[in-house]
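Novice: Chain by chain, the residues:
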Amino acid sequence: MIHGISIYEILTVTSILFFIGVYGFITRTNLISILISVELILNASVVNFVIINKYLFPEVLQGVYFSIFIIAVAAAETALAVSIIINLYRQISSVEVKDIETMKY
Amino acid sequence: MERIIFYCLAAVIIAFGIASVTSRKMLRSVIYLSFVLISIAGIFFLVDYNFLAAIQLTVYAGGIVVLIIFSVLLVHHIEMELEMAKASKKIVTAIACLIGLGVFLTAIYSYDFNAINNSLTTTTADIGTGLLSYKAGGFILPFEVISVLLLASMIGAIVIAKGKKLTEKNNQPE
Amino acid sequence: MILGIFYNKIKPAVSGYVGVLGLLTATGLAFYSAYNYFIVIGKTEGVYQTIVEKTVWMNFTDSLRIDMGILIDPISVMMLIVVSVISLMVHIYSRGYMKGDPGYTKYFAFLSLFTFSMYGLVLATNLFQIYIFWELVGVSSYLLIGYYYTKESAVAAAKKAFVVTRFADLGFLIGILIIGYYTGTYDFETLNNPEGTSILNWASTSFMGLSVLTWALLLIFIGGAGKSAMFPLHIWLPDAMEGPTPVSALIHAATMVVAGVYLVARLFPMYYFIEDGFALNIVAFVGAFTALFAAIIAITQTDIKRVLAFSTMSQLGYMMLALGVSGYEGHEGLGYMASMFHLFTHAMFKALLFLCAGSVIHAIHSNFLKDMGGLRKYMPITNITFLIAALAIAGVPPLAGFWSKDEILVAAFEHNTFLYVIGLFVAGLTAFYIFRIYFGIFWGKEGNYKDKPNESPGSMTAPLLILAFFSIVGGFIPVSEFISADKAGFETHVNYPLAAIAVFAGLIGIALSWMFYKKENELADKFANGFGAFYTWAYHKFYFDELYLFVTKRILFNGIAKTAARFDKKYVDGTMVGIGNQTLNTSEKIKGIQSGKVQDYAFAFIAGAVVLAIICIYLWMN
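Protein chains in written order, with this note's numbering: chain A, 1 to 105; chain B, 1 to 174; chain C, 1 to 622.
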């Protein structure tokens, strides 16, 4: 643990980061920006896992293992997302959200 | 001492996070993201999870950010200004997020976490044995699953990114 | 045995044969049942029993039930015979008259429907059943009158008939409901029982000075008056002549129009006992007035079918008059018997008159007197049968009309001399107008005929001859033995002085018309001009049609109906359409939710999760 820092503060920080990511996800008009926001969300959850592991259950390491998995999954997902974006760019020459509203009413 | 470092890191995280999601230029947004990721690695260092911090730096701040920068370069004029969403949408979303944040914080602060004070250092060896152990509490199965996932995502990425041209090229010489 | 077979269902007859065969069976059965009822079963304790078979159809409470059943009773059996015979004659006649008409099958189907409805009406056991068949009869008459549906006047006439009778039926229905409510039953047997509660307690509830039941009976009489074309609901009958002539013979001579008379006869004990026969007096006066009124108009008409229509109205007036002056026991019930007897004989000779007229019209293709004349050389059978019928209706002995009309006059004389005088005067008028058209058709100067008119085919003349036979011998049936108000039967004797006076009046009428019409002369016109304005009034049927038209068109139509229609269109329809439009608008606005943007969906997701979290925490905190 970090001496002098209670768990509440760290959890506060991660919550704020999480909601910054959510805000960005809903507000941004560019697909890559949306991707970045997703990264923020995932990171926030990683820190959450780690901190709870360290503060509440210091002798076991499940939190760390899970964080490793999350990071791996995030990487894979980003790779796939980038490939989709590139493919889409080839089709419609744009990565703006407003051009991919084909599922509209 | 550590407190000050933590507060600095926290400030950096939040500031650069906000900057990342509100920036009008694409590349700056990515750079701010990388700062956020590095700061998070810093936090990991503070809690003595060195291995995890290293992984964070390598995979996230190294691989993923580079990947994103590649895609930005491929699909963008870097100098182009990004559009922002309508003001009404921004405000509504901000309010929703704030309310959500309030919910989170209420939940967090009303719970009695009994934190255990300790100063254990975790070595890589511990992580390794735990991750690959067959005994109860071992994570060998998820480890293998993740490997399969990575494989699948790699193949998927290749297939998606191949596009029509390459498939046609393959079919033509027949 | 009698049950079930009498109901002639609608058959999609491919030819008239099926229709005729059906009727033959029905007629045979009617005669057989009459024979059975009157002679074989005969009287028990001096009274003819009423045979009733019924099943419960709708059961509301114990006291309020509607049954369906068959009621066999002297008058219903007699009516069965009348309806069957006339209907059979009309069926046979129609095969000749309607030959080549495109709607042949439809016509026979309607005829069968009508016959079925009449049977049902005659055999009804309770007020509701009679009402149901009453309406059915109205519907079939509408279909039959409007048979030539391409002719606008026919359609209008059919509508008029239906609407006027429907309007009268409103009174009928209210009367039924009042009776049902105050006496607790609709059944004829229970209602008509002189010792039963309905009759004994008639004075228990009063309304405006008269017993409630009297009002009910008057309302029922209004219904009967509509159907039987009593004044003032008579306007539909002349116009109903737009239908084919056999239809007129069936419906407007013999069967439907007597439904009203039959109804009063069916409820006769109630009419007689309640309020000491107050309603019965009204019936008598209405009947007498109608008889006079119709006879006056009949003298002036030039369309032979209309003359016959007014003649029917007049004779119906006679029947109502007879019922009105009747008593209940034994010889007092002479009026009742006379009315039914006259119904029987009138059916025969009026149908005969109509069918002869139809025969003439079929030959000449015109209804109007001025186109006719001197036909006796060309159509001998029609000539003779028409003469027989005319003599019968004029009341010349020994033909049937004399016997029945005489009984009516005797009954009237014994009850109320004023009514007797009216009846006598009308008898004279009847003879006059009927011989006016007889001479006009068969004697006098020949009309200019394009082709020589031929005698009608056999299928048309056979019924004429059969009906003529009935007109001659019908008077000799000892009806009083069979039909009487208390079902006990009594003997009648000919009242010679009164009979002589009646015959004399008839002969004067014949003589007058002989003078005026046998040879072409100016006497008639001079006489008509002498009456001046009165004549014009009578010719135009006393302008009653115009009066009714004015009332209905101006007041009801424009004032009430149009307002109601406008209200309906604007508000009621507007509401419905408005609801539809609102739904459309709302859906247009909600459309935006499906925007196709992932971000919006994500936003909804987050917002929903937050709300749920708030709710859960709130609940968890408390």
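I should point out that these hints are in silico values taken from the structure, not numbers from a laboratory. There could be a bad hint or two in this list.
[To be verified] Incomplete in silico selection of chain B near chain A, CB under 10 Å:
| # | residue |
| --- | --- |
| 1 | L9 |
| 2 | I64 |
| 3 | I68 |
| 4 | K89 |
| 5 | L131 |
[To be verified] These stretches of chain A come out as covered by chain B in the derived footprint (C-beta under 8 Å, 3 or more residues):
| # | stretch |
| --- | --- |
| 6 | 21-31 |
| 7 | 73-84 |
Quick reminder that beta carbons are idealized off the backbone N, C-alpha and C, glycines included.
Novice: Against each hint, give a clear statement of whether it holds in the structure.
Specialist: Against the structure, the hints:
{"no.": "1", "hint": "L9", "result": "holds (9 Å)"}
{"no.": "2", "hint": "I64", "result": "holds (5 Å)"}
{"no.": "3", "hint": "I68", "result": "holds (6 Å)"}
{"no.": "4", "hint": "K89", "result": "holds (7 Å)"}
{"no.": "5", "hint": "L131", "result": "holds (6 Å)"}
{"no.": "6", "hint": "21-31", "result": "holds (count 9)"}
{"no.": "7", "hint": "73-84", "result": "holds (count 11)"}
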